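Build out the structure end to end from the sequences listed, making use of the hints.
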Amino acid sequence: MLRVELRDVGKRFGSTLALDGADLEIEAGEIHALLGENGAGKTTLVRTLYGLVRPDRGEIRLDGRETRIDSPAHALSQGIGLVHQHAVLAPALTVAENLALGEKDSLWLPPARLAQRARTLLEAYDLALDPETPAGELPVAHQQRLGIVRALARGARLLILDEPTAVLAPSEVDSLLELLVRLRGEGRTVVFISHKLEEVTAVCDRVTVLRKGRTVATRPVAGLDPRELGRWMVGVDPPPPGEPPGGEVGSVALRAVGLQAGLLRGVDLTVGEGEIFAVAGIDGNGQAPLEEVFAGIRSLEAGKIEVLRSPLALIPGDRQRTGLVLGLAAEENLILVEAARGGSEPLFRWGLLRRSRLRESVRETFSRFDVQGEPAQPAATLSGGNQQRLLLARALRERPAVLVAINPTRGLDLAATGFIREELRRAARSGTAVLLVSTDLDEVLELGNRIAVLFRGRLYPVEAGRRTRERIGELMLGQVG
Amino acid sequence: MDAAGLALVLATLRLSTPLGVAAMGELVGQRAGVLNIGIEGLMLVGAFGAFAVGVATGSVLLATGAAVGLGCLLAAIFAWFVLNQRADPIVTGTAVNLLALGGTGSAYRLLFPPERPIVSPPAVPDLVPGVGVFLLVAVLLVVAVAILLSRTRIGLEIRATGERAEAAHNEGIPVMRLRWACTLFGGACAGLAGAILVLWISQSFVEGMTAGRGFIALSLVLFGGYRPARIVAGALLFGGANALQFQLQAAGFEIPYALLLMTPYVLTLIVLALYAGRAHAPGDLARPFVART
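The listed protein sequences correspond, in order, to chains A and B. One gets this note's numbering by counting positions in the first sequence from 1 and adding 851 to each. One gets this note's numbering by counting positions in the second sequence from 1 and adding 98 to each.
Calculated from the structure, these hints are not laboratory results. Owing to the predicted nature of the structure, the values given are computational and were not obtained by experimental measurement. Keep in mind that the hints are not guaranteed to be accurate.
[To be verified] Quick list of the computed label-pair ranges, beta carbon to beta carbon:
{"hint": "1", "chain 1": "A", "residue 1": "K955", "chain 2": "B", "residue 2": "P354", "range": "58 to 66 Å"}
{"hint": "2", "chain 1": "B", "residue 1": "A349", "chain 2": "A", "residue 2": "R964", "range": "47 to 55 Å"}
{"hint": "3", "chain 1": "B", "residue 1": "T361", "chain 2": "A", "residue 2": "G1202", "range": "50 to 58 Å"}
{"hint": "4", "chain 1": "A", "residue 1": "L1177", "chain 2": "B", "residue 2": "L372", "range": "34 to 42 Å"}
{"hint": "5", "chain 1": "B", "residue 1": "L372", "chain 2": "A", "residue 2": "A1227", "range": "47 to 55 Å"}
{"hint": "6", "chain 1": "A", "residue 1": "G1154", "chain 2": "B", "residue 2": "G310", "range": "49 to 57 Å"}
Glycine included, each C-beta is placed from N, C-alpha and C at the ideal position.
Here's what the structure looks like:
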């Protein structure tokens, strides 16, 4: 049993104030939810507790004693374990080897002994895994479970889970929540970072809400008004869910027939002018090849894509890697597409970039799309939300007839998310055909005129009369009937 | 076996040993995620140290110790730049090679000016006629490294560190300390390999005498798929080809000797490239690591 207090913790990363006097009090033997928007400081706070972040100020008390935790080794010796959102395993090492990492009890670890030990642990936590499989080949849910078992094997009395459900399918979430309850039953303490109210109310005893690096409230979950939680989290009432754009759907602007590439096993779809066609699904069911074939960076093994209206614009799914050239200025990123098309008037003359025209045009776009930052600032130094707005601005600047958007709000806070969704809706209202591929169920429900689910490389349309969370969840898991 | 055959086998063993030893050190370093291309330079300072101390003291043990010590020292300089200062390992490794080449050349000319009579370091004692004790040391080293990496906790920690330093750190493994230790071990092995060149193979020191053997050891690690047995096989292949071309030269075949000299290098690279296929390099090889932000 371990009781943890963090008092007045502050941490600044460069110009970003990540923690601004946050408090966290965890009672022994409870499941404690840590709730807050992206960027509220949840991850930084728990990384401080695990010795991964050196706080600028504040103190940590374990069972009442002030303690400095300066490395994961130290945290582990105090009985604190952390499982990252994407469990950090050594991908080329086997399950057994990953489970043995950090064990100090014996020097001699022949493979047979490793496997034996792994089997015992895996059995104790109902994980049917082959100890000899390289960890990197496991599905993400199993990797995560492996990370949890590893922390428990190291004797963690306090287990911190950083947004564990973000990468899980609904049924996997349930099984994780069951495990948390079981751990509480074993007398362990759990800190559970979440974005989802249902998960908090389902299993947690108390909840702490963070906003902008400060602790807003800590309350027992029982009898809590979810609307109040939401208010603590965002500061005002959460905006009501929007409506899908309801205008006239025009003629077909984008058609794909029998797409096969990588995981894709024959995908057909059409998107009409003025509609948003939303593709839901759990990552890893063909989203990556789907994005790549529309981006033109992967060739089709079979099938064809017909772009019947142009121009076509793309919002790539990974803003840092495929979306932006991080070392270039924001304004340069903004006009990359135009530059690639040959550099025409008015931004270019005789093939040369006209800086003053660029600045003018960029300022206009920045204010139109609410990008907070200097045009000349490297894209790398913009916040995630502003990077994403920049991508949106680049795509919509040209008034595209077809827009392909991949996870356009992934990892963003409510304000940025709301803004981007409204812009997508607005684009559709003005006649753009939008193909939205998103792993965010709310986003798909909120924006899609028609919805289909990508599962193991095939697209399953959601029947008009069964447009519910439950039905989409079923399809995500492959219950097609 | 006739006399020529026996001579060929002995020469093969002799010429393979320094490669195998240097490659074992590089292997351990790379498995921990440290790419040290300065291995050529480390071997060279080892060779010089063994020569100078061997000539001065006449002791094989002291000469070998000096070689190992100098290898460690130069490896420590490399480690400080690459691990602590997060300098680029390719640039730093190249600097180490140039430093070693220039440093040993100057020191040799200072300590052994041409007007001094020619001196020789002591020869390593033989285990059996024609086989120096260094062979035994090398065999033990290979076995020890193979066991360390595959069957011990420290080996697992080394592999995890090279594979995903962040994961290792998260499990409380001292990433920095391990990388330092493995880099120093690599320096010690390269220094020893240099001593083997001088005390067993050539009985003399010549500027730049390692002649690319460090780079061959480096490629043995890569093409040997980071596995000790394959690396040893590669070293034997190179040593064998080298021994053979010496015999062909001595037999007076009408082939330009430069072509013969080149053969072992080309042959080793071709065979290893074909045989090894796509080896899995440690995931975090040559990536700097920062513990806390």
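Hint-by-hint comparison with the structure:
Against the hinted window of 58 to 66 Å, the Cβ-Cβ separation of K955/A and P354/B comes to about 60 Å, which satisfies the hint. Distance hint check for A349/B and R964/A: the Cβ-Cβ separation is about 54 Å, which falls inside the suggested range of 47 to 55 Å. The hint said 50 to 58 Å for the Cβ distance between T361/B and G1202/A, and at roughly 53 Å that hint holds. At roughly 40 Å, the beta carbons of L1177/A and L372/B sit within the given window of 34 to 42 Å.
Here the CB-CB span from L372/B to A1227/A is close to 52 Å, well matched to the stated 47 to 55 Å. Judged by the Cβ atoms, the range 49 to 57 Å given for G1154/A and G310/B holds: they are separated by roughly 52 Å.
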